[in-house]
Amino acid sequence: MPVDDQMLSKLLRLKRFEQPPAGYYEDFLREFQERQRAELLRRPTWRILLDRWEAFREEYFTVANFSYATASAAVLCVAAALTFNMLEHPGSGVRSSAVALAANTTASVQPSYALASASARPPTLNASLTPQIRIPDAFLESSFAPVATDGNHPRYILDTRPASYEPPFSF
Amino acid sequence: MTDEPAPNEDAQLVARTQAGDPAAFDALVVKYSPRLYGLVYNMTSNHEDTNDLLQDVFAKAYRSIAGFRGNSAFYTWVHSIAVNMTINFLKKRGRRMLMSLDDMDAGVENDKEFIELTSSTNPVREADLGELQIRLNEAMMKLSYDHRAVVTMFDIQGMPHAEIAKILGVSEGTVRSRLFYAHRQLQNYLEEFH
Numbered sequence: 001m002p003v004d005d006q007m008l009s010k011l012l013r014l015k016r017f018e019q020p021p022a023g024y025y026e027d028f029l030r031e032f033q034e035r036q037r038a039e040l041l042r043r044p045t046w047r048i049l050l051d052r053w054e055a056f057r058e059e060y061f062t063v064a065n066f067s068y069a070t071a072s073a074a075v076l077c078v079a080a081a082l083t084f085n086m087l088e089h090p091g092s093g094v095r096s097s098a099v100a101l102a103a104n105t106t107a108s109v110q111p112s113y114a115l116a117s118a119s120a121r122p123p124t125l126n127a128s129l130t131p132q133i134r135i136p137d138a139f140l141e142s143s144f145a146p147v148a149t150d151g152n153h154p155r156y157i158l159d160t161r162p163a164s165y166e167p168p169f170s171f
Numbered sequence: 001m002t003d004e005p006a007p008n009e010d011a012q013l014v015a016r017t018q019a020g021d022p023a024a025f026d027a028l029v030v031k032y033s034p035r036l037y038g039l040v041y042n043m044t045s046n047h048e049d050t051n052d053l054l055q056d057v058f059a060k061a062y063r064s065i066a067g068f069r070g071n072s073a074f075y076t077w078v079h080s081i082a083v084n085m086t087i088n089f090l091k092k093r094g095r096r097m098l099m100s101l102d103d104m105d106a107g108v109e110n111d112k113e114f115i116e117l118t119s120s121t122n123p124v125r126e127a128d129l130g131e132l133q134i135r136l137n138e139a140m141m142k143l144s145y146d147h148r149a150v151v152t153m154f155d156i157q158g159m160p161h162a163e164i165a166k167i168l169g170v171s172e173g174t175v176r177s178r179l180f181y182a183h184r185q186l187q188n189y190l191e192e193f194h
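Which chain is which? The protein sequence lines are C and A, in order. Position one of the first sequence corresponds to residue 1 (this note's numbering), numbered consecutively onward. Position one of the second sequence corresponds to residue 1 (this note's numbering), numbered consecutively onward.
In isolation and in its complexed conformation, chain C is listed as follows (with noise of 0.2 angstroms):
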C-alpha cells in the first residue's frame, strides 16, 4: 500500500511523542552543573589564578574605561605646563639660563676690566644676568687684541664681533 504525503506526515509526526523516561530533564539539568563544576576543576592552574586576578582587581580597583585616557590627558597637561613654565620663568633650570643668555647677547654688561699685562687673567664679566659666567683663559687671550685709538687710551676690542657693532663697553 503507497505511503502519500498526507500518511506520511502523520507518521512523522507521531515521533513527537517518543519521549524520554520521567524525570530525564531534571536529571539533565543536574549532570550539566556537575559536569561544568568538573571542568572548573579542571582548568589550569594558570588560568585559575588569572581568574582570581581579574576578579579581585574589578573589585578592588575598579576604574572606568574612560578614566585611563583622562589621566593620560591631565599628564600630558601638566608636562606642558611646567615647559611653558620653564620657558617664561627662566632660573629654574640650566638649559633655560642657556636660552635666556642667547636671547640677551646684548644686554647691557658691567664689566669690570683692568688694564693690566696680557699675561693677567681677565676678570669675571659681571653680567646683569645670573648666574655669573666666566670667560675661558684661552678665549680670551685669543681674542683680546689692543686696537690702537686715536686717543691715549688703548681700546680692546674682541676679533669676533658681537652680534651688535657698538662697543659693549668704554673707557
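Hints in this document: simulated from the structure, not taken from any laboratory. If you're wondering where the values come from, they're calculated on a predicted model, not measured in any experiment. Please note that a few of the clues may not be correct.
As the list claims (entries may be wrong) - Negatives, chain A to chain C, calculated, CB over 12 angstroms:
#: 1; residue: L13
#: 2; residue: N84
#: 3; residue: K91
#: 4; residue: K92
#: 5; residue: A165
What the hints assert, rightly or not - With a straight-line Cα cutoff of 27 angstroms, these simulated DSS-like cross-link-like pairs (lysine-lysine) come out:
#: 6; chain 1: A; residue 1: K142; chain 2: C; residue 2: K10
#: 7; chain 1: A; residue 1: K166; chain 2: A; residue 2: K31
#: 8; chain 1: A; residue 1: K92; chain 2: A; residue 2: K60
#: 9; chain 1: A; residue 1: K60; chain 2: A; residue 2: K31
#: 10; chain 1: A; residue 1: K166; chain 2: C; residue 2: K10
#: 11; chain 1: A; residue 1: K166; chain 2: A; residue 2: K91
#: 12; chain 1: A; residue 1: K166; chain 2: A; residue 2: K142
#: 13; chain 1: C; residue 1: K10; chain 2: A; residue 2: K112
#: 14; chain 1: A; residue 1: K91; chain 2: A; residue 2: K142
Glycine included, C-beta positions come from ideal geometry on N, C-alpha and C.
Chain A: place on chain C using the hints.
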C-alpha cells in the same frame, strides 16, 4: 504548531548569563532541552547518544555565549549548534546504526492523528504502529544528514521553512527541495514495509 520563543525573555537570560549569572543559563537549559532533545534524538535515533550530545551542545553554547551578539535569536543560534554538532557526530560514527529508541509517550493515544491511523477503517493497526515506528526510524537513518535534519525540524518538530533556513544557513528553496526529496525516499522505503 511550534511554540514561538519569547525573544525578549531569551535576550534577558542571555544578558544575565553574559554578566556571569549561571542561574540564567540554567533557565535556558530547562527551556530548550526538550526541544533540542527531540532534534538530536530524531537525527540519531539513539537515546544515549542524544544525552551525551545534548550535554556537549549546552556546554559549547555556554562557552560561546560571551561572543553571542544577538544578531539572531538565541533559539536559532542554539539550534544551529545542535544541528552542526549532531551532523559532525554522525559523520564520525559512520554508517553504524545503533538505534536506541525512546518509548512512545502515553499521550499519543489521545493524539488525533494516532487515532485516525489506528481506527478500524485504517489499515494501520495499533499493533503495527510499534513496528512502523522502527521502520520509520530505519528509513530516517537511510537519509543523508542534511535531509534528515530538515525532516526532523519540519515534519516532526513543526518548524516553518524560514526558521529552518536560518538554522541551516541555506535558502528556503533549498529547504523545500530537500524536504521533497526526503519525503520521496521515505515513502519508497515504507512502501516496501506495506
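Which of the listed hints are broken here?
Nothing - there is no hint that the structure violates, so all of them hold.
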